[in-house]
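Residue numbers 1 to 354, in the numbering used here, belong to the letters of the sequence shown in order.
Quick caveat, the hints were computed from the structure, so don't treat them as lab data. Please note that a few of the clues may not be correct.
Cross-link-like lysine-lysine pairs, in silico, DSBU-like; alpha carbons within 30 Å at most [said to hold, decoys possible]: (1) K112 to K152; (2) K170 to K255; (3) K152 to K86; (4) K196 to K132.
Cβ-Cβ distance ranges computed for the label pairs, FRET-style [unchecked claim]: (5) S153 to K106: 18 to 26 Å; (6) A224 to E188: 47 to 55 Å; (7) N18 to T105: 26 to 34 Å; (8) D80 to E188: 21 to 29 Å; (9) Y65 to K320: 56 to 64 Å; (10) A133 to S197: 52 to 60 Å.
As the structure is a prediction and not an experimental result, all values here were calculated from the model. Here a beta-carbon is modelled for each residue, glycine too, at the ideal position from N, C-alpha and C.
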Amino acid sequence: MVVSVTITLTTFFCPKSNYEWATTQNNLAATYTHRICGDRAENFELAIAAIEQALSVYTKPDFPYEWATTKNNLAVIYRDRIRGNKAENIEQAIASYEQALLVYTKPDFPYKWATAQNNLGTIYSNRVRGDKAENIEQAIASYEQALLVYTKSSDDWATTQNNLLAAYTKRIHGDETENLKLAIAAAEQALLVYTKSNFPYDWAMTQNNLGLAYINLAFCGEKAENIEQAIAAFEQALSVYTPEAEPFRCIYSSKNLSLLYFYQSNWGKTIKTCEKGITAVELSRSWANDDDRRQEIMAEAIIVYQLQVQAYININQWDKAIKTVERSKARNLVELLAKQNLKPKDVPQEITDR
1 MVVSVTITLT
11 TFFCPKSNYE
21 WATTQNNLAA
31 TYTHRICGDR
41 AENFELAIAA
51 IEQALSVYTK
61 PDFPYEWATT
71 KNNLAVIYRD
81 RIRGNKAENI
91 EQAIASYEQA
101 LLVYTKPDFP
111 YKWATAQNNL
121 GTIYSNRVRG
131 DKAENIEQAI
141 ASYEQALLVY
151 TKSSDDWATT
161 QNNLLAAYTK
171 RIHGDETENL
181 KLAIAAAEQA
191 LLVYTKSNFP
201 YDWAMTQNNL
211 GLAYINLAFC
221 GEKAENIEQA
231 IAAFEQALSV
241 YTPEAEPFRC
251 IYSSKNLSLL
261 YFYQSNWGKT
271 IKTCEKGITA
281 VELSRSWAND
291 DDRRQEIMAE
301 AIIVYQLQVQ
311 AYININQWDK
321 AIKTVERSKA
331 RNLVELLAKQ
341 NLKPKDVPQE
351 ITDR
């Protein structure tokens, strides 16, 4: 409610075609980007519209610094955009970062230059077009450039270390085990700055990424130990990523943790973790403005329903399995229950027919 009122008043009271108006439009874009309520996809579209309004005033000749800052902000929005073609969105982001770097040079704006390098590394790490291995190498190089400026005690330094963690986890060139160890080392460096008390969400993000690195390392040897490390990291992440505070990240971490518990045949913890993810799914769907977006959310998270249904089946709690199917309204889960080899003899026909 407060955010909605603020957005409405900000849009209404700012006069057009002046510096202050453009500044307000830029701030409005940032507000939409971080908005929790409402549909996330629509919020990003509103942010792009506000940025474009700001750039009608912030031209490179007249306001080079503001122009570069706004271009950098636009790149971040395109990087995370939900609507449109993903590959094209990423290319738009790269172009915006490169435009920002025309002004943000290392000698003149070292900190801004480092920030743009870090952001460019993030987008190359997720680039769809081009050679995947080379894109990751470009990402690592950009992160290392940023670390030439960032000091070890800063949260920006920790952010870049966390990004290096993600890049090394996905790296194709080099030895896989060594890359994963470099990823874990980067996470440990980031966590020297990112404490739960001071940076709870960044701490949780690093814990989530650390969990992914340990999952991958588990397939390179010492499987049991690394899986336990991954579980511990995801549990830490979910202590911050609650369904109410961070529903989308909650879904993602819940999926990862549920899969690990399922792998261990720990049906009780699988069910409990899936329930947290399902709660986040239902909350996210309630915020979506259209059926297409609600279907997208379900498609991205259907595995948490599948895992919970199968876990309930494995402990013969068929009524609860059916309730999960009803909550998902997914045909493939109905088919799972309908398989003859999954029907125990003592389940009443009226239950299996529901």
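The hints, checked one at a time:
1. The straight-line distance between the Cα atoms of K112 and K152 is roughly 17 Å, inside the 30 Å bound, and the hint therefore holds.
2. A threshold of 30 Å between alpha carbons decides the hint, and for K170 with K255 the separation of about 19 Å falls inside it, so the pair holds.
3. Restraint check for K152 and K86: the C-alpha separation of about 34 Å exceeds 30 Å, so the hint is violated.
4. With a CA separation close to 33 Å, the supplied pair K196 and K132 exceeds the 30 Å bound.
5. Evaluation of the 18 to 26 Å hint for S153 and K106 yields a pass: the beta carbon distance comes to about 21 Å.
6. Roughly 21 Å separates the CB atoms of A224 and E188, a value that falls outside the hinted 47 to 55 Å.
7. At about 28 Å, the CB distance of N18 to T105 agrees with the hint of 26 to 34 Å.
8. At roughly 27 Å, the beta carbons of D80 and E188 sit within the given window of 21 to 29 Å.
9. Between Y65 and K320 the beta carbon distance is about 58 Å. The supplied range of 56 to 64 Å therefore holds.
10. For A133 and S197, the Cβ-Cβ distance of about 39 Å falls outside the hinted range of 52 to 60 Å, so the restraint is violated.
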